[in-house]
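S.K.: Quick note, the sequences are listed as chains X, E and H, same order.
Counting in our numbering, the first sequence runs from 1 upward without gaps.
Counting in our numbering, the second sequence runs from 1 upward without gaps.
Counting in our numbering, the third sequence runs from 1 upward without gaps.
Source of the hints: derived by calculation from the structure; they are not laboratory data.
Possibly wrong hints are sitting among the right ones.
If you want the footprint, here are the derived chain E segments under chain X, 3+ residues with CB under 8 Å [claimed, not checked]:
#, stretch
1, 85-95
2, 98-105
3, 321-330
Heads up, the beta-carbon is just placed ideally off N, CA and C, and yes, glycines get one too.
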Amino acid sequence: MPRRLPVGALVLAALGVAFVALPLVGLLWRVPWSRAGDVLADDATLTALRLSLVCSLGATAIAAVLGVPLAWLLARVPFRGSAAVRALATLSMVLPPVVGGVALFAALGRRGLVGQYLDSWFGVRLPFTTAGAMVAQAFVAMPFLVVTVEAALRQMDMRYEEAAQTLGASRGRVFWRVTLPAVRPALVAGLVLAWARALGEFGATITFAGNFPGTTQTLPLAVYLQLESDTGAGLVLAALMMVVSFAVLVGLRGRWLVRGGGAVIA
Amino acid sequence: MSLVADVVVRRGSLDLRVALRVEPGETVAVVGPNGAGKSTFLRCLAGLLPIDEGEIAVDGKVLDDPTLGVCVAPERRPMGVVFQDHLLFPHLTALDNVAFGLRGRGARRREARVAAAGWLERLGLGTCAASVPSALSGGQAQRVALARALATEPRVLLLDEPLAALDASTRVAVRAELRRHLASFDGMRVLVTHDPVDAYALADRVVVLEAGRVVQEGALSEVAATPRSRFVADLVGVNLVEGVVVDGVLITESGARVVIADAGDGPALAVIRPHSVVVSRRAEEGSARNRWATTVAGIDRRGDRARVVLEGELPLVAEITVESLEQLGLRPGDEVHAAVKATDIEVDR
Amino acid sequence: MLRHLTRSRRTPSRIAPSRVTAAGLAVALVALSACGDEPASGTREITVFAASSLTEAFTALGDAFHAEHPDVEITFSFAGSADLVAQLGEGAPADVLATADEASMASAVAAGSVVGPATVVASNSFAIIVGAGNPEAIDAVADLADPGLLVVLCADTVPCGRGAATVLAAAGVEVSAVSYEEKVKGVVTKVTSGEADAGIVFVTDVAAAGASADGVEIPADVNVVTAVPMAVASDAPNPSDAAAFVEFATSAQGRAILESFGFGLP
Numbered sequence: 001m002p003r004r005l006p007v008g009a010l011v012l013a014a015l016g017v018a019f020v021a022l023p024l025v026g027l028l029w030r031v032p033w034s035r036a037g038d039v040l041a042d043d044a045t046l047t048a049l050r051l052s053l054v055c056s057l058g059a060t061a062i063a064a065v066l067g068v069p070l071a072w073l074l075a076r077v078p079f080r081g082s083a084a085v086r087a088l089a090t091l092s093m094v095l096p097p098v099v100g101g102v103a104l105f106a107a108l109g110r111r112g113l114v115g116q117y118l119d120s121w122f123g124v125r126l127p128f129t130t131a132g133a134m135v136a137q138a139f140v141a142m143p144f145l146v147v148t149v150e151a152a153l154r155q156m157d158m159r160y161e162e163a164a165q166t167l168g169a170s171r172g173r174v175f176w177r178v179t180l181p182a183v184r185p186a187l188v189a190g191l192v193l194a195w196a197r198a199l200g201e202f203g204a205t206i207t208f209a210g211n212f213p214g215t216t217q218t219l220p221l222a223v224y225l226q227l228e229s230d231t232g233a234g235l236v237l238a239a240l241m242m243v244v245s246f247a248v249l250v251g252l253r254g255r256w257l258v259r260g261g262g263a264v265i266a
Numbered sequence: 001m002s003l004v005a006d007v008v009v010r011r012g013s014l015d016l017r018v019a020l021r022v023e024p025g026e027t028v029a030v031v032g033p034n035g036a037g038k039s040t041f042l043r044c045l046a047g048l049l050p051i052d053e054g055e056i057a058v059d060g061k062v063l064d065d066p067t068l069g070v071c072v073a074p075e076r077r078p079m080g081v082v083f084q085d086h087l088l089f090p091h092l093t094a095l096d097n098v099a100f101g102l103r104g105r106g107a108r109r110r111e112a113r114v115a116a117a118g119w120l121e122r123l124g125l126g127t128c129a130a131s132v133p134s135a136l137s138g139g140q141a142q143r144v145a146l147a148r149a150l151a152t153e154p155r156v157l158l159l160d161e162p163l164a165a166l167d168a169s170t171r172v173a174v175r176a177e178l179r180r181h182l183a184s185f186d187g188m189r190v191l192v193t194h195d196p197v198d199a200y201a202l203a204d205r206v207v208v209l210e211a212g213r214v215v216q217e218g219a220l221s222e223v224a225a226t227p228r229s230r231f232v233a234d235l236v237g238v239n240l241v242e243g244v245v246v247d248g249v250l251i252t253e254s255g256a257r258v259v260i261a262d263a264g265d266g267p268a269l270a271v272i273r274p275h276s277v278v279v280s281r282r283a284e285e286g287s288a289r290n291r292w293a294t295t296v297a298g299i300d301r302r303g304d305r306a307r308v309v310l311e312g313e314l315p316l317v318a319e320i321t322v323e324s325l326e327q328l329g330l331r332p333g334d335e336v337h338a339a340v341k342a343t344d345i346e347v348d349r
Numbered sequence: 001m002l003r004h005l006t007r008s009r010r011t012p013s014r015i016a017p018s019r020v021t022a023a024g025l026a027v028a029l030v031a032l033s034a035c036g037d038e039p040a041s042g043t044r045e046i047t048v049f050a051a052s053s054l055t056e057a058f059t060a061l062g063d064a065f066h067a068e069h070p071d072v073e074i075t076f077s078f079a080g081s082a083d084l085v086a087q088l089g090e091g092a093p094a095d096v097l098a099t100a101d102e103a104s105m106a107s108a109v110a111a112g113s114v115v116g117p118a119t120v121v122a123s124n125s126f127a128i129i130v131g132a133g134n135p136e137a138i139d140a141v142a143d144l145a146d147p148g149l150l151v152v153l154c155a156d157t158v159p160c161g162r163g164a165a166t167v168l169a170a171a172g173v174e175v176s177a178v179s180y181e182e183k184v185k186g187v188v189t190k191v192t193s194g195e196a197d198a199g200i201v202f203v204t205d206v207a208a209a210g211a212s213a214d215g216v217e218i219p220a221d222v223n224v225v226t227a228v229p230m231a232v233a234s235d236a237p238n239p240s241d242a243a244a245f246v247e248f249a250t251s252a253q254g255r256a257i258l259e260s261f262g263f264g265l266p
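Here chain X stands alone, though its shape is the one from the complex:
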């Protein structure tokens, strides 16, 4: 029996689709396709694209390594101040990215709270480097991962973890073999969201990492600058970004986000 929505909801849903599809369609309609080939083959474009992919993947990795244990802590261990920690973890989701960039400066810049020691003791400099771009992106992307994974961990049936414990599994083994598989759909969704956010990050990157082709000029920055000087080329790059992101999201959604093989979530 096909499911039906009431007409009103259907109309609104259709408007919703139009709302999100229209900008993409509009962009594709204005792109000067005759120039597309040249712009896409240009070294600068390929460099920016490659840099964007490298930085966003690196940022996602940082977000995963730090964010999953944080989500685990927030979901499982009740401690005083956990509400404050959760608010901190999700703060950069509501901060304007440029503010995030400024904050990163204050902390990790050459004269920053921690940055000054990084510089004088280890000779490590984050601003103006690819690593810095990754840090900026990870900063804005991590909350998406933490929020998604924490929610799933809270919802999952913890009795499976208990069963694993009675079978002799150490806490680490319980986490890897039982807990993570149980929240796999949420984990993947969180990773994809974080990656997408990192890929599109602009404000924090340009403020903290700066803008240098090949090192910190990710695709969003390239688009922005090109739009100022050569609108046509900028449009081509913008279309490229949209198509790449769209393709990845469509591809992943089908295979990983749909539950397969049985998920533990009750």
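Model the placement of chains E and H on the given structure of chain X, informed by the hints.
M.R.: Quick look at chains E and H alone, frame taken from chain X:
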């Protein structure tokens, strides 16, 4: 070389105090109404809940003792647990589920899988090895859970209402298997159940828990003879008839015949629950295949129900409403007919 | 009403009262017809798009203009010249455009966004900006080639960047910058916060930075003089006040203000 448990737990509205000792090869059933604290007790034994006072020790090794500051984590206790909802890991096959405990103790994947396959064979589940839990029936899943717990060769086997989630017919089959495997398990066993038939079929000793306190314990026959609470009384009120089945009829030692719906021949135990016994003054027409002539030996009123003890070719306890009792005008010494449908009789082997 | 008007023709001695009434009616009609565009209270507004390097000077110019014309409210939007030209091209509602060099204004004229020819109201030249106290002891353009220095420049899509490139070419110095900012204030911020050691900005930016930075003069033989052109937008909502503002910038009072901020005068 035994399990010694002296457990005191106070958590919110729960106030539990249980002392228990189990010898190797012995099965102790912890029975009681819902909310009595049975599962909590089991969780304490398993290490999933720390105790507030007392001691838990296995083979002389202390597992939990607040005064000594010792509380061994569940993963390091020599316990195996079979849970009510089997709790098989949904993302692993039956084989990998059984192998899980072995892998956790350091065995390599191939060795663990071989050992796991052996356990599944032993429980008649060889064909299920590659299936995921969602593809298994309730009975199969619970047996896999048993294999999973046994595979780690624990010293103590804890079973938390292992048959409660199964439907009636599966329950009978799995109970029989469980009895077989428990018999060959040489550690200590603690079984938690609210079904008295489980206690009869599987346990050597019974501990009755009500509202967090032990109200009665001992061998089954002792407890059955002198019930000290409503729950125990209900417990013992179940009619158990032993005999040999020939051609769909169970024949007792004294020659009484009980028609059953189960086809298999051989020795069996028929369970007739008091509320399935229909008492009438006249031998009525009806679909019940079993009718016996009995005499009322005693009447025990409890609230709006009455237990009628019947004697005759097949001694039975029937439970009827006080209304029916008055309508029939029963008095000790009256001759009545007792009837039970064959389909209302559970058969245990 | 009609009777009053007719009477005004026949009896001149009683014109005044009826003219006042008519004028009042006319004003009321005009106010009603324009009630979508102008505030009902009667103040007029102009929006000025001005290059980032003009921030301090033009804010002062705006204050002075408002003092002279209290019924005109001025709103400024400061950004990189290229950004402003692009926005205007997309139809942003501005009245006045002021850029940091003629090349930017030329693209606006070519796109038909402003009414040409533009009026040059000031001139500017470049200087090296360094941290307060000049900690790296930079005293010439050639010093910027030092590989140990963190030098920040503007992107070549904006006037400051184009100018800096010309200065460096004229001086024959090759600088490996760590970042190309999309507006001149970005360079200023990086240097004043200590993230970068030096940059090339307009002399007016050095002055505006006050005590947070020092400037190093660039000799006139390698320096570039840029013009600060202003023009009225083609689709200006308030062209008359817009023209008045441009004129004010060329008035004696306006010139004095610009000069006080370090601009040269045409």
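S.K.: Taking the hints in turn, state whether each one holds.
M.R.: Do the hints match the structure? See the list:
1. Under the rule that three or more residues need a Cβ within less than 8 Å of chain X, the assignment of the stretch 85-95 of chain E holds, with 5 such residues.
2. Counting residues of the stretch 98-105 of chain E whose beta-carbon sits less than 8 Å from any beta-carbon of chain X gives 4, enough to reach three: the coverage restraint holds.
3. Counting residues of the stretch 321-330 of chain E whose beta carbon lies closer than 8 Å to any beta carbon of chain X gives 0, which falls below the threshold of three, so the coverage claim is violated.
When held up to the earlier numbered hints, the structure conflicts with hint 3 and nothing else.
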